[in-house]
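Asks: Listed here are the chains, written in short residue letters.
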Amino acid sequence: MPEIDLGVTPLRELNGALHKLPKDTNETHWVIENPAGQHAIAAGLDAPLKVEIKGPVGYYCAGMNKLATVQIHGNAGVGVAENMMSGFVHVSGDASQAAGATGRGGLLRIDGNASSRCGISMKGIDIVVKGSVGHMSAFMAQAGNLIVFGDAGDALGDSIYEARLFIRGDVKSLGADCIEKEMRDEHKSALHNILSKAGFNGEVDPGEFRRYGSARQLYNFNVDHAGEY
Amino acid sequence: MCGIVGLFIKDPALEPELGKLTAGMLETMTGRGPDSAGFAVYGEGEAGRTKVTVRGTSPLAIEERALDSGFPSAKTAIYDTHAVISVPDDEVEALIAWLELTPDAEIVGRGSRMEIFKEVGLPADVAARFSLPTMSGTHAIGHTRMATESAVTTDGAHPYSTGQDQCLVHNGSLSNHNNLRRELRLEGMTFETENDTEVAAGYLTWRMRKGLSLGDALEVGLEDLDGFYTFVVGTENGFGVLRDGIACKPAVMAETDQYVAFGSEYRVLADLPGIGQARIWEPEPATVYFWER
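Protein chains in written order, with the numbering used here: chain A, -16 to 212; chain B, 1435 to 1727.
Just so you know, not all the hints are guaranteed correct.
[Unchecked claim] Straight-line C-alpha distance at most 27 Å; calculated BS3-like pairs for lysine-lysine:
(1) K155(A) <-> K1683(B)
(2) K113(A) <-> K180(A)
(3) K113(A) <-> K1444(B)
By construction, these hints were calculated from the structure, which means they are not laboratory data.
Input sequences plus hints: build the corresponding full structure.
Replies: As structure tokens, this is what we get:
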């Protein structure tokens, strides 16, 4: 099990070593000490690794992640797991702005709060936040699920496409074209599945959440407006 | 870009470390601002005296001329291109009037405790030139600049003084600074540069001259300052933080029993003592924060 001290090893060296690993590598468990908020730690992974980071990370940690499990024991800076393709990223503390931005797949779990623009332009990722999310979360969110145990800030789901938002607490305000929708059994079942994958098997009742999504008035071409173009 | 830092010490035992810790924080922000750097340090004051920080190509000559020009009780400390001239409170207006007429002497700030230093260059070099690591005090704010709205000059470096013992550093850019500068000039304010942050500083000064507190001036600034910004403001007794309504620019804060610290990124805070046990959070948008003692 490689243990890397980022107080000693340069970050580029670590990321280079992680990128060189073949998919069938036997070195599947990496431990990173002293991250000290450095940027782009374990970004661009493309193998079924488990990477444990013991401390707070800076921007874009685990960005573009494919297949890997990245465990961050601490807070994460801007854009954690941004553009994730697959795999699992778990933040034990808080996450800064734009967590999971543009993510196409995989699962991002944040045990603390996420700041503004969580899940901005998400395209298939599932994001589970145990705390609350800040303003403009799920802005232009296209696909995937954002699940929040706490509250959501201003303008949730502004200009949203087809992502589904499940919020257990209060929503300060909804953004343009985002509306509350009926929580049917199929949604409870889907929510239950994601919560189980995130490690909350049976701990949380999907029935306590409210569902929000697109009113589909903004992004469709409306023939009645044809004369205005 | 640009990087801003702030450190407000709650435990007097840490005061001798203020300069060293601030210098480390500034150096970490080199990537966000390699063009120029500056900082304000709130150190020892002397009862009945006010300090004026001046810069010029020959601060020694400024000191000699001050002693010869009716300020025999002036005490001067020279730091590279800057001089901190201390005079009795009742002589400070005369000193400032004299400095304004003196060639090659730019007033950087004034206060009973505040001293401001800024120069073009890498943050670590600027900190070393002014011996920042040896300075002590209760609080400091600093800035590393990546120029966007105006030229890379010492005039364009932060902090900008907003009044006695008050100064401002800024990350972001204002889009209505030209209009606002014109309006404030009609109100009698003067501006030395084309810099947007100087306008923000002048705006706050003007609001406070009209009777608002600094906190209230920042609140109404949310309406009048168009653009994106995170401000850190130093006052005689503490510092304040304000982010624009959409929190465009990054900000992280840490608090322990010993200090409150501000950084554009967490990296700035990573080497502070006891950071592992600190409460870490991001300030909310459009919310004025203040710490005083």
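Asks: Run through the hints listed earlier and report the numbers of any the structure violates, in increasing order.
Replies: Of the numbered hints given earlier, the structure breaks just one, which is hint 3.
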